[in-house]
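Oh and the sequence shown: position 104 is 95 in this note's numbering, straight run, nothing missing.
Don't read these hints as lab results, they were simulated from the structure. There could be a bad hint or two in this list.
[As the list claims (entries may be wrong)] Straight-line C-alpha distance at most 30 Å; calculated DSBU-like pairs for lysine-lysine: (1) K233 with K69; (2) K73 with K63; (3) K46 with K233; (4) K69 with K55; (5) K46 with K186; (6) K186 with K73; (7) K73 with K46; (8) K69 with K184.
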Amino acid sequence: MQFPIVDYRSPNAARDFCASLAETGFGVLSRHPLDRSLVEGIYTEWLAFFGGEAKYGYPHDPVKLDGYFSPKVSETAKGHVKRDLKEFFHIYPWGRYPAEVSDAARRYYAAGSQLAGELLGWVEQYSPPQVRARYAMPLPAMIENCQQTLLRVLHYPPLAGDEEPGAERAAAHEDINLLTLLPAATEPGLQVKGKEGGWHDVPCDFGLLIVNIGDMLQEASGHFYPSTTHRVLNPSGAAARKSRISLPLFLHPRRDIVLSDRYTVGSYFEERMRELSRNG
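Produce the entire structure from the sequences given, and follow the hints as far as they go.
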């Protein structure tokens, strides 16, 4: 499986980017408009935030799902029984935000959401006519003013060597949302599962932007765009002693939007939540 790096400023960027999404579920962009220095600053200040005590003042809300999630309440991927080895903070437009950090993550949320609208326009433009006809509305319009789009600031702590056997930084999973934007993290480890069943490294040079299809866009496109299984590997050797910071922006459509003949966004989300609840 190959992940061609597409120059955002190239005349053929939209075509090449969407071809990669249709083939692999992932696209990688260089020279995109998201500010590298903004991302770097977020990584630096949030690493310090996760290393301190202030995070405990923002415990996650089990209903609203904003705030800080400790490793003890971290996610368990669908089909797995071990919690991921990570902690994270959920940022929503209406949610709590730490006073101990700057507004950089909020500015990134706004810039990333704007870029996502453009990329969804590319996706729609390069959808075959029979696929485009399935969309209940223009794809960029699906995310406009959606209060459920989520910026997750993720910290994968250094491995101490006493982790539960079989626990992973992020077990194999798919994203439930429409589209995910992910600046290259501070450390490698992201892998995608190929059609042949093997695992493939995603380019991780700083400054690249990784974009992947979520389950909702797979459903809306009749599986033309695949939501591909991915994971974050546990590092070994000296790399195991390093933290990893990641900044996925999960673009969600509004809950009343029709995804397909089978689902609205709301019914699709509720079905997935029931599955995760049964998973424990």
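Outcome of the hint check:
1. With a C-alpha separation of about 27 Å, the suggested pairing of K233 with K69 holds against the 30 Å cut-off.
2. For the proposed pair K73 and K63, the alpha carbon gap of about 11 Å is at most 30 Å, so the pair holds.
3. With a C-alpha separation of about 20 Å, the suggested pair K46 and K233 falls inside the 30 Å cut-off, and the hint holds.
4. The hinted pair formed by K69 and K55 meets the criterion: a straight-line CA distance of about 21 Å does not exceed 30 Å.
5. Distance restraint check for K46 and K186: the Cα-Cα separation of roughly 40 Å exceeds the 30 Å cut-off, and the hinted pair is therefore not satisfied.
6. Restraint check: the Cα-Cα separation between K186 and K73 comes to about 25 Å, which is no more than 30 Å; the hinted pair holds.
7. Only pairs whose Cα atoms come within 30 Å are accepted, and K73 paired with K46 is accepted, the gap being roughly 23 Å.
8. Between K69 and K184 the CA atoms are separated by roughly 15 Å; this keeps the pair inside 30 Å, and the hint holds.
Violation of the numbered hints given earlier is confined to hint 5; every other hint is satisfied by the structure.
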